[in-house]
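Peer 1: Assemble chain B onto chain A, guided by the hints.
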Amino acid sequence: MIKMTGLSRTFQGKSGTVEALRDINLDVGNGEFLAVIGRSGCGKSTLLRIIAGLIRPSRGEVLVAGDPVERPRRDVAMVFQRPALLPWRSVRNNVLLPVEIFRWPRAQHREHADRLLEMTGLSAFADRLPHELSGGMQQRVSLCRALIQRPKVLLMDEPFSALDALTREELAVELQRIHMELGTTVVFVTHSIQEAVLLADRVAVLSARPGRLRKLVNVAIPRPRSFGHNAHLEDVAAASAELHQLLLNEHMPATSATS
Amino acid sequence: MTDKTTDAGLRRVWVNAGLPALGTLLALAIWWLITIAFSIEPFWLPAPPDVVEAFQRLSGHLAEQAGVTLIETVAGFAIGSTAGAAVAVLFAASRTIERMTMPLIAAVNAVPKAALAPLLIVWIGLNIHAKIVMVVLLCFFPVLVSTMAGLTSVPNDLRELANSLSSSWWQTFLKVRLTWALPQVFVGLKVASSLAIIGAVIGELTNPDRGLGSVVVSSSQSADTPLAFAALTLLAIMGASLFYLVTGLERVLVPWARAISS
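Here the protein sequences come in this chain order: A and B.
The numbers in the working numbering rise by one with no breaks, and the one at position 92 of the first sequence is 92.
The numbers in the working numbering rise by one with no breaks, and the one at position 84 of the second sequence is 84.
If you're looking for bench data, these hints aren't it; they were derived computationally from the structure.
Values in this document were obtained by computation on a predicted structure and should not be read as measured data.
Glycine included, each C-beta is placed from N, C-alpha and C at the ideal position.
Don't take every hint at face value.
To be verified - Derived, one-sided and incomplete: chain A residues facing chain B with beta-carbon distance under 10 Å: (1) Arg49; (2) Ala52; (3) Ala77; (4) Ala84; (5) Leu85; (6) Pro87; (7) Trp88; (8) Leu97; (9) Pro98; (10) Ser123; (11) Phe125; (12) Leu129; (13) Pro130; (14) Ser134; (15) Arg145; (16) Asn218.
Only chain A is shown next, with the shape it has when bound in the complex (with noise of 0.2 Å):
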C-alpha cells in the first residue's frame, strides 16, 4: 500500500542545516500496521508528514496505492497529537468536517458519522461541544474524523502521547478492535514500546538524528493482543525487550544490541 524508497530529508534551520531522515527504504503492506519508534528528534513526524503529503522529501519517493504523493490524498487521514477540534462545532460536526471540505453530500455521510461514534462509544455526545468531553474522548471524535474519509491508509502521529495513562491503554485496546474490524493500513508513530507491541505488525526503529531505519522488527503475536495478563505473555516481553535493546544501546557497539 506505502512505497519509501531512499527517503531523505533536509531542513535549512537558523542554526544551519538539520538532517533529519536519511534514505529510508520501507514497504507497508494492505491492511499492515506499521508502528514506528524512535527517540524524540529522530524524524519519525517528519517520515509521517512525508508520507502524507504535508511535506516534500529532499530525495526519494513515496507511493501510495501506487501513484507518488504530491499533495494530501482524500484517502489518507491523519490523527495527530491534540485533537486539533473546532470549538465551536459539536462533535458530529467535527467529525463532519472532512466532509464538508470534500464537498460531499452531508445527508449522506451523516449515518457513517453516527455510526463511527457509535463505534467509539461517543453516540451520547454527538451534540456536545469538544470542552465538554474528557481528552480521551476528544482523541476519540479525531479518531472518527479521520475515518469518515473512509482512508486507505490511516497516519497516526503519537496520538495518545498527551493523554494518561490509562486512558492511553484504553485508547490503543480500542484501536487494535477498530484496526481489526476495518482493516486500514495504519503508521502509528509513537515513542511507546508497550504501544508498538500491542498495535503493530512490524515496528519501524528509527535511529536517533539523522533518522535512519535500524532495524524493522517483526509482532508475531496473534490478536486481540491486550495489556497485562494474557497468553502470550513470553512473546511480549521478548519483543519489548527487543526494542528497549534497540533504543537503549543506539550509541553502543552493534555486538551489544544482539541479545
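Peer 2: Only chain B this time, still in chain A's reference frame:
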C-alpha cells in the same frame, strides 16, 4: 434539591444585579454626603437631587439631544467596526497589501483624533456627518488590530488539519479562521464601544449645535452645572449600555470562547 436550586438562583440575581446596584447606591450616597459635609455649592459640585431637578426641568430637551448623540455614536460605531473588520480580512488575504498600508494606518491612528475635529468640519461641514466620521476614526483601529490578531492566532494543529484535508484558502478562512477570530474581534468591539461615545462628544464640543456634548458646552457657559452633570450622566449610561450590549452579543455568538479560555 429544589430549595438548593432556588437558593442558587437567588444568589445569582444578588451577585449579578444586587451587588452592582448596591455599589452604585453607595457611590451616590458618598457623593451626596460630601456635598453636604463640606457644604459645596451646586455651581462647583451639584448634589444628586440638583441633577435630578435638572433632568425634570429639561427632560424633553435632554432626551432630544441624547437621541442625536446616540445616532452619531451607533452609526459611527457600526461603520467604523465594519470597516476595521473588513480591512483586517483584506490584510489577512494579502500580506503585500498589509505591508504596504499598515505603517500608514498606524501613523494615522497615532494622530490625536481631537486635533482632526476642526479639519473634519472644514472637509465635511458643520453637520452630523463630520461627527459620525470622528466616531468612525476612533472605532476603526481597535477593531482592525484585534481582528487581525484573531485571524493570525489560529493554532498550528488546526492549520495542519486544514492542510491535510487540502482545504482551500477560502474554506479554511470561512470554516476555521473567521470563527476562531471572533473572541478577539469582540475584544476590539468592546474597546470601540467606549471610544464611540468619546468620538461623538469630541465632534459635538467642536461644533456644539446639537447633542449632549453641546448641552455640556452651553450649560457651563450659563453656569448651570447640574444640567452639565445630567448630560454627563446620560453619556455614561449610553456608553455603559453599548458596552454591555456588545458583551451580551458576545455571550450569545461565541459561547464556547469562555469555556476554552479557562
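Peer 1: Against each hint, give a clear statement of whether it holds in the structure.
Peer 2: Do the hints match the structure? See the list:
1. Arg49: This interface hint holds because 8 Å falls under the 10 Å limit.
2. Ala52: Hint on A:Ala52: holds, closest Cβ of chain B at ~6 Å, below 10 Å.
3. Ala77: 8 Å, holds
4. Ala84: Because about 4 Å separates A:Ala84 from the closest Cβ in chain B, which is inside the 10 Å limit, the hint holds.
5. Leu85: 9 Å, holds
6. Pro87: 5 Å, holds
7. Trp88: 5 Å, holds
8. Leu97: Holds, because the Cβ-Cβ distance from A:Leu97 to chain B comes to roughly 7 Å (cut-off 10 Å).
9. Pro98: A:Pro98 check passes; min Cβ-Cβ to chain B is 5 Å, inside 10 Å.
10. Ser123: Status violated, d = 22 Å.
11. Phe125: With Cβ-Cβ at 15 Å, over 10 Å, it is violated.
12. Leu129: 6 Å, holds
13. Pro130: 8 Å, holds
14. Ser134: 14 Å, violated
15. Arg145: 9 Å, holds
16. Asn218: Violated - the Cβ of A:Asn218 stays beyond 10 Å from chain B, reaching only about 30 Å at its closest.
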